[in-house]
Each structure stands twice: as C-alpha cells, then as structure tokens.
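Given these sequences and hints, build the entire structure.
Protein chains: 2
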Amino acid sequence: MDYKAKWMEGNGPESAIVVSTRVRVARNLAGVPFPGTMNEIQAQGVIATVEAQQGVLEDMHVQRMAELSQVDRLALVEKHLISLDLANKSDGAVAISSDQAVAIMVNEEDHLRIQCLLPGLQLEQAWETASRYDDLLEAEIPFAFHEEYGYLTACPTNAGTGMRASVMLHLPALVGSGHVGKVLAAIGQFGLMARGIYGEGTQAVGQMFQISNQVTSGLPEEEIIRNLRGVVEQIVAQEKAHLKKMTATSRLQVEDRVFRSIGLLSNVRLLSTNEAMSLISDIRLGVAADIIDLSPGLLCQLMVLAQPGVLQKECTESLDSQQRDVKRAEILSKRLKQALRGGNI
Amino acid sequence: MDYKAKWMEGNGPESAIVVSTRVRVARNLAGVPFPGTMNEIQAQGVIATVEAQQGVLEDMHVQRMAELSQVDRLALVEKHLISLDLANKSDGAVAISSDQAVAIMVNEEDHLRIQCLLPGLQLEQAWETASRYDDLLEAEIPFAFHEEYGYLTACPTNAGTGMRASVMLHLPALVGSGHVGKVLAAIGQFGLMARGIYGEGTQAVGQMFQISNQVTSGLPEEEIIRNLRGVVEQIVAQEKAHLKKMTATSRLQVEDRVFRSIGLLSNVRLLSTNEAMSLISDIRLGVAADIIDLSPGLLCQLMVLAQPGVLQKECTESLDSQQRDVKRAEILSKRLKQALRGGNI
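Each protein sequence line maps, in turn, to chains F and Z.
Residue numbers are given in the working numbering: position 286 of the first sequence equals residue 427, and the series is strictly consecutive.
Residue numbers are given in the working numbering: position 69 of the second sequence equals residue 210, and the series is strictly consecutive.
Each statement offered as a hint is correct.
You can't tell identical chains apart in this list, so a pair holds if it fits in one copy or across any two.
Here are the computed lysine to aspartate or glutamate pairs in the EDC-like style, where the Cα-Cα straight-line distance is at most 20 Å: (1) K468 with D397; (2) K145 with D240; (3) K475 with E396; (4) K468 with E396.
Since the hints were derived computationally from the structure, they do not count as laboratory data.
Structure below.
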C-alpha cells in the first residue's frame, strides 16, 4: 500500500522499543547559494541537476512539492519521508526509493538531504545506505566541501560530516516511572539530544522520543554512530528494566491499561490524533511487556494512519475535523479488529 | 441461575427506561411489639407464625438471616429481595417465591414486609400480587389495624395502607441535559420522592433513580399507584424527549460514548462496582437510543453481577477487594462478549 514506508514494517532489531532509525547527510552544490538565499532559477537548476542523475536514482522519481497536493505533502511528512519545512516550500522536491527506505529532499535547508529510514535499531545499515547514495551522487555532482570544515551546510551546526543519525524510541516505562526526564537530560553530555516525534520543536506524543547526535563535526561518521548506538542501547536496557519492574509489581494494572486501550481503539466512533497516539502507545507497551502479540508493523501503520494527511489520502472526499475523527476511528478500529481476529490474542 | 430475580428478566413495559417495579405492604401482628422493641422470643414467634402459613407460602421457604452466610445475605440485598437493614438483623427472616418475584421480609422494621418485584413498569400487577399474599396471610394472621389510622406500622409514615410502590428509572438523557434535578424536585408536590438505587439514604449510581410514594395514608392503594404511574409516565416521556434531542444533535458523540463503554466493559482486567455501573449505564443508553441491540435482561444481570456479594457467590474461594475487581472484570466482560457474539451487533 502507498502509505507503507520501509520503517513502518516495524521488524528491525529491538523493535519493541526502537521504532525506527534514520540517518541523513546534508549536501550542497558547490557554487550555488544555499536554498535560503538562492533565487527561483537556481532552485530549479538544483532540481534539474538531481533529476539528471538517473543512474543513481534508478527507480526513484523526483517529485516537485509544487506538483503535489497539500494532502500528499502532509502525508509524506507524517510518514517521516520529508520535513514539514520542505512540504511548505514551493521550490522543493523529493526523490523516494520504491521501498520508501530512501528519501532525498531537494532544496530543504540544504540543497540535498539524503536520508535512509529503517525499522528498529539499524544505525549502521541506514548509514551505509545513505552513504552509498552520497558517494554515487558525489561522483557526478561537485559538493561544497572545505578542507578544514568538511561539508558546508546552510546552518553551521550541520557542517563537517553533514550527518545526523537518529532513533525513535518508545519509552512508556521510563515515562511511567518518572525517570525519563533524568535519562534524556543526561544524554547531552554525550553530544546527543532528544526531540519530539516530528523533529525539532515538536512535542513528544505517544511516549515517543527521537534521540540524535547534536555534533556533526570533529568525529568520523562511524564514531558518531557508535556513540549514539551505545547510548541508545543503554536507554533500551533501562526501559526494559523499568518495564520488568513495572510488570513485576503491577502486572494487573498494566494488563488492565493495555486491554482498556485495545477495547477503546477497536470500538471508538470519534478519535483525535492525540488520543489515537496515546492508545497505540499503551498497546505497544502491551507488546513490549509480552501481554499481547501484535506486530510492531501494525502499530507503526496505525500510528501513521492516525495522522490527518495520511488519513485524508485514504478517503475520496475532503474531510473536516469531525469527519476526520469519525474516519480515523473507523479505519483504526477496523485494522485493529482485523489483526485481533487474525488469532494473535 | 440462582442470581436471577424475576425483575432481572428486564422485559416489562417501558423496559428501556423503567428497570423494575416494586410494591410492598408493611404489616404487623396484632398484640406483638414492633421489631424495634420486641424480645428474642417474640421475634422467633413471628417467624414461626409465618412458617406456619404453608398454604399461603406454597413453594416459598422461610430462611433465617442467622442461618445465611454474610455473602448470601449481601447477595439478596443486591438482588433487591431484602433490605440491608434486614440482612444485618440476626432475628430476621425472608420467604422468597421460586420465581423470585415475591419476597416476604420478616422482622425488618415491621413484622412483615410483603413485596413483589417485577421487570419494567408493572405497578398494577405488582400491587395485585403483593395484595393477594396480604389477603391470604390476613385470613390466617390477625394484623394490627386501627379504624382511623389503618394498618399500624413501626414508623407512622408507613401507617394507613402500609403500601409503598416504587419504580427504578434509568435517566441518562435527563442527567446529561442537566434537567434531572428539576424533574425530581418537582415530584414532591405529588407526594412522591426520589432515592438511590439501594433505597433510602443511598446514592444514585449508574444514573438510576427510585421513585416512590411518600404518603401511605389518606388515599386508597389504587389511587396512590395511579398517581405514581401518572408521574412516572411523564418522566419516561421527558427522558424519551431528551434522548431524542440528544441523539438528533449529537448522534456521533452518543454512539462514541456507547461503544467506548462496550469496548471497555468487554476488555477491562480490573473493574470496580462504580465503574461497572457507569459503563452499564452507558450501554443501556445505547439500547434506549436504538444504537445497539442487547436485551435489557442482560444489562440487569450485569448490574447485579457487578455487586460484591453476588460476585462472591459466583466464586468458590473468598476474594479480597482487588481479587473482586479482577473477577468482576472477568465475569462481566465474558458475559458481554458472549452476548455480542450472539449476533446482536
């Protein structure tokens, strides 16, 4: 189905806690002003330069934001394939691989943002893939590079490697025990930071947190990734320990919470995005705690289907806010009931 | 099943709103002090006098409170067959008909409280049945009667006819619209009063209200009942009007509320009596609003099964409070799921 990005398969290592991994590299064309200051002709020139690399892009097709409907752009944001910033730029574009694991944003903050998104904890694999596309493109296009500063980027905090790696973590036990604040505050000393589910400046919803490297220079990419992996593994271990403690001391209460959320999500008639995320979070907790057997992939799909853009794409007619709540309830409850009838519980 | 009192069949007239009807007459044996002041020997004498009326009692069997376990007594209270006052009196007794429609309490506040409980709005039928037992017993036992005051009772407010008729109403739309207070306040001028689900001094739970006559003398029984019926019919009409308005303006919200409660009640793992009553109330609203098709009888049974005594009777081992919440969740969700699988929705 069209809405299934690769990461939504949900089946990678540690997938009960690590929802997805993303690695992106920021690159800019030598001799062309950064997107923030370039003119319309230069912007079209960058897109044309990318389009010309059919040998690298293979089955990927460059789609201009201006040619996509607002709903289609929003749906791409909700699937984490493009940023909200790019969705709002009429001179932006994106090329997406057929398995929707690779998305190259064009004319976002930088000329190119080469991203790879995979399910579970797959930092090295995502880095390798992003890096391979980077190498292939670099062989054809001269990138802005400085002997001392490394790859040049619109914002200096991205300069150097131009790489940002991040993982999306679901941390209900650390949230429930009140320890999440302390844990996330501590990662700063490792040059990492925590953000909400839709990136910078967004709130943590559904007990999801995005952890990424803050520093992009001074270290080789492999070391940045090793450092991030080490911290993520520690957070995963802590989440598991708190989950174990939680189910040891309050098994019944946890089961009750999980099954109440299943009961609600499979029966509601009106459902907001926020409530959907919160119910899905509780059900995901049930999977992590071995209370129910549902695929993490289903939960990723439900999470994305709960978003207004993807939801709108599922419908033929245009929906207002209440109609979306009705449709969201209908689609999510149907999917969940189908999965439950599948004999998992 | 043992716990099914006649009223729990839930199938009488107006059963979507009128849960049950009860008529009781208070009678005392001439020449014997009222229960509040009589001694142990006199109390046993009253029980023996009742036991001697096998021709009237037919298949009824006089059970002494002292011979029943606390759980059995509590279960009888929860089925509305005896009062909590009687359950706590060691010298009390009760005779219950095999269909559990008639229950004669012995040595409660008065020597005899002859009660008939029927499902739905059946005031005349309940009065006829109670009255028939009254006539049969009066032919054998001399009752305390005063030319001017009528039947004498321990509390003067019961003297005269000694009759109290009541109906249990489920009024979610009047509660939801905020009109229930005004409606119930107005019934005082008709010599009626409103109380909670377990009688005098109890709270209204599950949006249930008991309406009964306050005045027991000065009017013949038939007129008291006609008066009560007239007011009840008006309240039922008002509830229906508010329900219609509610579903016309907020159909989706009402459906959402009903199905959320179905989802919760069929999935919870921990359930208190109060939450159960509130969920059952919402589901009953769904039946009244034609949103779902479940028998009112099932809802009556769930309502009674939600109570601690009846619940304990369903189990072999003795339960603490949390175990009761687990068992309540288990039994109620199982019954509801069975009924839903029955193909009703």
